[in-house]
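Generate coordinates for the entire structure from the input sequences, incorporating the hints supplied.
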Amino acid sequence: MRRRGHHRRGTLVAAGVTAGVLVAAFVGVTAHADPGNAGSGNAGSGNAGSGPVIPGQDAIDHARAAVRDREAAAGRIQSALTAADNALHALEASAGLAAESYDAAVAQAAAATRAAADAQTKATAALDTQHRAEGRLGAFAAAMYRQGPDMARIVALLHAGTLHDFATREQALANYDAAGALAVKDARQATRDATAARQQAERAAQDQQAAEGRARAARDRARALAVAEQAQVAGIKARQDALLGQLAAAQGVEVGLERQRQAGLA
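Mapping to the working numbering: the sequence shown position 45 is 212, numbers consecutive.
Hint data in this document are derived by calculation from the structure and do not stem from the laboratory.
Ideal Cβ placement from N, Cα and C applies to all residues, glycine included.
You can take every hint at face value.
Using C-beta positions, here's what the derived DEER-type ranges look like: (1) Arg-370 / Ala-262: 32 to 38 Å; (2) Gln-373 / Ala-274: 14 to 20 Å; (3) Ala-292 / Ala-271: 29 to 35 Å; (4) Ala-377 / Asp-408: 44 to 50 Å; (5) Ala-395 / Ala-239: 33 to 39 Å; (6) Leu-392 / His-298: 49 to 55 Å; (7) Asp-408 / Gln-376: 45 to 51 Å; (8) Arg-370 / Ala-393: 30 to 36 Å; (9) Asp-236 / Ala-395: 34 to 40 Å.
Think about it this way: if two alpha-carbon atoms lie no more than 20 Å apart in a straight line, the pair counts; the simulated EDC-like pairs of lysine to aspartate or glutamate are: (10) Lys-289 / Asp-360; (11) Lys-352 / Glu-301; (12) Lys-289 / Glu-301; (13) Lys-352 / Asp-295; (14) Lys-289 / Asp-353.
The following block contains the structure:
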């Protein structure tokens, strides 16, 4: 829509300049073509001079050349105005992209913060599990150290009164050994899980720091771009004001009217 507006704007500028210059040129030619009519006392001559005056070919060529010159000047001014308008829109688009990049970086930093918090929670839970498993293993190790595993087995079996009692005591000792083995297995697995969770939490914390750094960098870029663009926008608008004055002068209209026309055709 903006490009069609610029095309209409250029067409109307050319039409306005052409009409204005042709009228001015032919009025001037008519005035210069009848210099002796006012000073003549001859009634017949006065009657002859009051008829229509047809300009010569030189005057027509001169008027057409003036039209072309003013049309070309108006076209150049209009092109400069269009370029300035495009520059303003480019600056607006650039600022919009910078703001979007900052918003995206902030969202990523927030997500990284949540991920780091979740990872830390899991690491804490895994560490608690490791401590409990190590506690159970330590209890078995202390009992075995106090009694001695082989002596405890022998004493228990020697005190068996019957074969069934012996089998029961043997199964209890086997269960005790199995519980000890399970405690060792659980402690090892809990240690591996806690180590993996801690490493994941460390990576998540690093990701969080990196995301926050990107967000700060995006914020600084957006701010610097906004400051730089303020000066550029002021310069472009000053240039537009000057061009509007030139275009109004080329078309013989008021600057305010030309400004309204430009705004209406934008």
